[in-house]
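*Asks:* Input sequences plus hints: build the corresponding full structure.
Below, each chain spelled out in residue letters.
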Amino acid sequence: MFGWEFPPFNSGGLGVACYNLTKALAGRDVEVVFVLPKKIDCRVDFCRIIFADENPFNVEKILSAAYLTPDQYGKIAQGLFDGSAGLINEVKKYALLAQEIAKREKFEIIHVHDWLCCPAGVAAKVISGKPLIVHIHATEFDRSGGQNVNPQVYAIEKNGFEKADKIVAVSNFTKQKVIDYYGIEPEKIKVVHNALDMQKITDDFSGLLNLGKLKEKFKIVLFLGRLTLQKGPDYFLQAAKKALEKRQDIYFIITGSGDMEAQLINQAIDLGIADKVIFTGFLRGQDLTKIYRMADLYIMPSVSEPFGLSALEALGHGTPAIISKQSGVCEVIKNCLLVDFWDINQMAGKILAVLNYPILKTVLRENGADEVEKLTWDNSAKDCLEIYENILTNQ
Amino acid sequence: MPSVCFYLQTHQPFRLRAYSVFDIGQTHDYFDYQRNYDYLARIVRKSYLPTNRLLLNLIRQYQGRFKVSFGLSGVLLEQLEKHFPEVISDFQALVKTGCCEILAETYHHSLAYLYSSEEFKTQVWLHRQKIKKLFNYVPKAFRNTELMLNNEMAKCIQEMGYKAILGEGADYILGYRSPNYVYKINGAEKIKILLRNYKLSDDISFRFSSRDWSEWPLTAEKFAAWLRAVHGHGDVINLFMDYETFGEHQWEETGIFEFLKHLPGEILQYPENNFQNPCDVIKLYKPAGELDFPHIVTWADTERDLSAWLGNKMQQEALGKIYSLENEVKKNKNKQILDDWRKLQTSDHFYYMCVKWFSDGDVHKYFSPYESPYDGFIIFMNIFNDLKLRLS
Chain A
1 MFGWEFPPFN
11 SGGLGVACYN
21 LTKALAGRDV
31 EVVFVLPKKI
41 DCRVDFCRII
51 FADENPFNVE
61 KILSAAYLTP
71 DQYGKIAQGL
81 FDGSAGLINE
91 VKKYALLAQE
101 IAKREKFEII
111 HVHDWLCCPA
121 GVAAKVISGK
131 PLIVHIHATE
141 FDRSGGQNVN
151 PQVYAIEKNG
161 FEKADKIVAV
171 SNFTKQKVID
181 YYGIEPEKIK
191 VVHNALDMQK
201 ITDDFSGLLN
211 LGKLKEKFKI
221 VLFLGRLTLQ
231 KGPDYFLQAA
241 KKALEKRQDI
251 YFIITGSGDM
261 EAQLINQAID
271 LGIADKVIFT
281 GFLRGQDLTK
291 IYRMADLYIM
301 PSVSEPFGLS
311 ALEALGHGTP
321 AIISKQSGVC
331 EVIKNCLLVD
341 FWDINQMAGK
351 ILAVLNYPIL
361 KTVLRENGAD
371 EVEKLTWDNS
381 AKDCLEIYEN
391 ILTNQ
Chain B
1 MPSVCFYLQT
11 HQPFRLRAYS
21 VFDIGQTHDY
31 FDYQRNYDYL
41 ARIVRKSYLP
51 TNRLLLNLIR
61 QYQGRFKVSF
71 GLSGVLLEQL
81 EKHFPEVISD
91 FQALVKTGCC
101 EILAETYHHS
111 LAYLYSSEEF
121 KTQVWLHRQK
131 IKKLFNYVPK
141 AFRNTELMLN
151 NEMAKCIQEM
161 GYKAILGEGA
171 DYILGYRSPN
181 YVYKINGAEK
191 IKILLRNYKL
201 SDDISFRFSS
211 RDWSEWPLTA
221 EKFAAWLRAV
231 HGHGDVINLF
241 MDYETFGEHQ
251 WEETGIFEFL
261 KHLPGEILQY
271 PENNFQNPCD
281 VIKLYKPAGE
291 LDFPHIVTWA
301 DTERDLSAWL
311 GNKMQQEALG
321 KIYSLENEVK
331 KNKNKQILDD
341 WRKLQTSDHF
351 YYMCVKWFSD
361 GDVHKYFSPY
371 ESPYDGFIIF
381 MNIFNDLKLR
391 LS
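As given, the protein sequences belong to chains A and B, one line each in that order. Per my numbering, the first sequence starts with residue 1, numbered consecutively. Per my numbering, the second sequence starts with residue 1, numbered consecutively.
Please note that the accuracy of each hint is not assured.
Mimicking DSSO-like on lysine-lysine, the simulated pairs with C-alpha atoms at most 27 Å apart in a straight line are [claimed, not checked]:
#: 1; chain 1: A; residue 1: Lys-325; chain 2: B; residue 2: Lys-313
#: 2; chain 1: A; residue 1: Lys-188; chain 2: A; residue 2: Lys-92
#: 3; chain 1: A; residue 1: Lys-219; chain 2: B; residue 2: Lys-121
#: 4; chain 1: A; residue 1: Lys-246; chain 2: B; residue 2: Lys-356
#: 5; chain 1: B; residue 1: Lys-121; chain 2: A; residue 2: Lys-361
#: 6; chain 1: B; residue 1: Lys-313; chain 2: A; residue 2: Lys-217
#: 7; chain 1: A; residue 1: Lys-215; chain 2: B; residue 2: Lys-313
#: 8; chain 1: A; residue 1: Lys-200; chain 2: A; residue 2: Lys-334
#: 9; chain 1: B; residue 1: Lys-356; chain 2: A; residue 2: Lys-361
To give an idea of the chain A side of the interface with chain B (calculated C-beta under 8 Å), a few residues [to be verified]:
#: 10; residue: Lys-39
#: 11; residue: Asn-335
#: 12; residue: Leu-338
The set of hints was computed from the structure by calculation and includes no laboratory data. Where a beta carbon is used, it is the ideal one built from N, C-alpha and C, also for glycine.
*Replies:* What follows is the structure in structure tokens.
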């Protein structure tokens with residue numbers, strides 16, 4: 001299995017999903033070799049982790065390796081180093097290292113996560129001839145919020161999707177994107193929803209974050225996610241402004257970091273609500289638990305959300321959620337309030353409803369917690385296992 | 001063969017529009033006129049018009065031997081009078097034949113019985129006035145919203161002067177006994193109860209078009225044979241269902257109208273067979289025994305209880321709140337407020353707030369104007385708060 005990030009070194013849901021899925025697969029007696037591009041300090045007992053950059057061969061060695069025919073060498077050299085730099089270069093480097101790993105390791109199936117690992121998966125398939133599963137947690141259309149889609153990333157995704165024997169999408173929402181924007185036949189795509197690791201839901205309040213005083217007099221509404229166009233934090237602020245017109249005892253908390261941070265701070269000032277908005281930055285561990293628990297309401301106003309793990313985390317912590325209809329998580333959670341991310345009035349209306357009608361909050365949190373408990377990673381692993389077995393028997 | 005008592009329940013609510021928290025104090029316009037009109041127009045076209053005309057033809061064809069009873073909610077009649085007078089006129093023609101009985105109920109298809117005896121009686125009276133005015137008819141048998149019934153209610157209805165009351169033939173009430181007899185009810189000596197034969201009723205209303213059903217396709221001949229099988233161990237088979245079964249729940253394409261067209265013929269081909277309306281039934285047959293309804297029984301879902309309307313805290317809150325305004329609304333003497341308050345009591349509003357079917361929500365989603373039961377609650381509570389503001 002090729003991944004890009006792994007907790008505790010993750011910037012979002014991708015690492016969390018990889019970690020939990022691998023763990024649950026191991027629980028079903030699947031031997032997973034998890035490959036990461038770079039050496040990080042993470043140790044787990046349920047699978048073997050390989051760091052690609054620890055490979056005994058470095059890139060230069062690979063390029064000059066004796067086992068490559070001149071033809072193969074030419075293809076790699078041309079196809080992979082075409083002058084691009086940065087992340088895309090890293091991704092391509094990862095693919096070269098993946099070839100090495102694929103030669104060395106014994107495995108039956110290649111399972112890769114997102115575009116970052118697509119070239120690695122394709123390379124491993126070319127070398128080993130083993131079937132390839134591409135697991136899609138987000139497409140370029142989600143990450144970009146539909147604007148300024150990076151053509152190189154798109155090409156990498158499209159190639160990966162086409163070369164894959166099977167595609168796993170984290171929701172029907174994502175499956176439809178893959179059909180519509182990448183021209184992949186629907187039969188090739190299976191949906192495996194993400195889940196919640198209930199062990200992560202603790203009552204540990206030892207975090208440093210201290211908003212206790214605030215909680216006494218004010219209602220707290222939480223946004224938690226990367227501060228990017230995709231996640232819709234700007235809509236959150238607009239809805240906050242609207243809700244504050246009706247009720248002033250609300251604080252709006254924005255947790256997360258990202259390229260829109262400065263813009264959001266300015267927006268809060270321009271809207272005249274800067275005194276009612278708190279930016280906590282990126283939170284982990286007990287602080288994260290604390291912020292979820294403290295919130296009266298969690299909002300996920302994403303413009304395009306392939307799944308939306310944090311909505312499950314919020315519900316798991318007993319915090320009711322308002323969720324964008326443009327998300328995958330609303331396929332598995334019914335006990336939440338749905339909104340169109342652009343409909344500020346509707347969002348503000350629902351914020352006020354949860355705060356004004358305590359019964360609504362109670363019913364949402366009770367039913368939401370029951371519902372989320374049923375979404376286990378073991379179920380997701382079972383679905384993946386079925387896909388593996390199908391591929392292997394049909395070979 | 002025993003008698004067949006065929007009762008059709010007809011009702012459509014005034015559904016609420018997406019009333020926002022920002023509308024509170026700004027506008028008192030609560031109802032979604034366009035949507036209500038659109039739904040009604042569809043049902044009139046697909047169900048009410050063709051079914052009424054078929055029923056009228058059947059009554060004429062069998063010269064009084066085919067009979068049918070109706071429940072007509074006041075809120076439906078109000079909408080029909082305004083937009084589809086031709087349907088009212090068809091119902092009038094049906095009642096004029098003398099082969100149709102109209103049952104008493106609450107004008108607003110409400111759960112008022114559970115919250116306010118005074119309001120309940122007023123709504124039954126309002127319904128009575130409406131039926132009198134439109135059909136020159138006074139109902140003698142009673143049916144409460146969703147066929148709800150318990151001992152105490154039967155007693156109350158008896159005291160209000162009704163001779164018969166309809167109920168659900170729930171297994172857990174009947175035990176070994178059959179629904180195909182007239183019964184008395186514990187604590188009410190005079191009033192007689194007619195119990196729905198849910199199996200045979202649901203064969204038509206739910207299963208008729210189901211291809212997974214081993215009895216599909218259901219023909220009038222086959223159904224009449226099932227009724228005949230009751231001969232010797234039953235006096236009356238009560239087939240109670242939603243009127244919309246004909247043409248709306250079961251589309252014309254399923255053959256439901258053909259079924260209805262041929263059913264009376266199949267049943268009446270034996271001279272000893274007949275159709276009877278509730279008031280005839282209680283004259284013809286003596287009670288076979290006394291039943292005990294300690295709790296409210298309804299015709300809904302497998303639970304046959306009120307959980308579809310009162311099963312969660314949102315529903316309890318919303319109902320509690322709306323009835324908490326009763327005194328203020330009545331003191332206020334503003335006709336519009338009173339009318340709005342009553343229309344907010346229609347049981348459908350609370351039904352739409354039900355979350356128990358997130359696994360099997362088909363029936364309940366039907367005609368629900370909301371994407372989610374939570375939206376139903378929010379909209380209702382926003383309106384409640386506006387109504388409250390109007391009273392202060």
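*Asks:* Which of the numbered hints above does this structure break?
*Replies:* 3, 4, 5 and 10
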